[in-house]
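K.L.:
Sequence:
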Amino acid sequence: MITHRTDAGVHALRNALICQVPLEYANLDSTSENKCSFLRKLNTSVGEFAPGAMEVMDLHSVSAGFCVRRHVAYRKYTYRLAVVRNWDLWESVQEHPTTACFSEKDYSWRLPPGFSPEKAADASRLFIGCIFVDISEPIIFPGEHVMGSFFKHTKRDKRREPRPPSAVRNILLCQLSKGGPYSMENSIYDYYNVTIVARSFVREQGVGKHRITGIATSEGQ
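Mapping of the sequence shown onto the UniProt record's numbering: position 38 corresponds to residue 38, and the numbering continues sequentially without gaps.
Read the hints as simulated data drawn from the structure, not as lab findings. A virtual CB, placed ideally from N, CA and C, is assigned to each residue, including glycine. It cannot be assumed that every hint is accurate.
[What the hints assert, rightly or not] Here are the simulated lysine-lysine pairs, BS3-like style, with alpha carbons at most 25 Å apart:
id : residue 1 : residue 2
1  : Lys178    : Lys76
2  : Lys119    : Lys178
3  : Lys119    : Lys76
4  : Lys105    : Lys178
5  : Lys76     : Lys105
[As the list claims (entries may be wrong)] FRET-style restraints, in silico, Cβ to Cβ:
id : residue 1 : residue 2 : range
6  : Arg14     : Ser92     : 17 to 23 Å
7  : Phe102    : Arg14     : 16 to 22 Å
8  : Asp29     : Phe102    : 33 to 39 Å
With the hints as extra help, turn the sequences into a complete structure.
P.N.:
Here you go:
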């Protein structure tokens, strides 16, 4: 499972959900044929009431009592950067945006030319527990790190809690890698993905991940 929800203002390219189905559908994934048949029917139904809005890619059963918050194996966040390739293109799309520009509007952070993945990697090493690596060599960065700076913990919450919750989290992977277009191949953008993986994050750490990505990206320019 990647995530069961997304932060406000963040568009999820892939998301996961859990739902209960009638007992007569309990064998949806008992065989590969059953699964493929149901996925076809489900996507046909989706296409009838919301054409092109979404696609159900996979499904599988879970044990009774499964909780999407507490029982997931990990959570994975990927932030997409779309960097315009040169200044002539940048000036052009400011005045006359193309269809490719509109296709990326809500699904990437569009940047002017000059982004350096090497500089972004160097800047990100300033963050304890969050290291963006060279795009040619993904690196696992295991270990526990204090994420208190990214934890939204108001005075009101503190007064209600006899013991403050832990802000220690285990970061499994932080990676800067080559990306690709959301839906349309084009000659306007170079793409990069910033990926952060952990078993769990502190409350509203999504804001912190945005901040980390933003600072590293600014230094990369």
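K.L.:
Would you mind marking each hint as holding or not holding in the structure?
P.N.:
Verification of the supplied hints:
1. Lys178 x Lys76: Given pair lysine 178, lysine 76 holds - Cα atoms ~17 Å apart, limit 25 Å.
2. Lys119 x Lys178: holds, 15 Å
3. Lys119 x Lys76: Satisfied, since the Cα-Cα distance of roughly 24 Å is no more than 25 Å.
4. Lys105 x Lys178: holds, 19 Å
5. Lys76 x Lys105: holds, 22 Å
6. Arg14 x Ser92: 17 to 23 Å: violated, 32 Å
7. Phe102 x Arg14: 16 to 22 Å: With a Cβ separation near 21 Å, phenylalanine 102 and arginine 14 satisfy 16 to 22 Å, so the hint holds.
8. Asp29 x Phe102: 33 to 39 Å: holds, 37 Å
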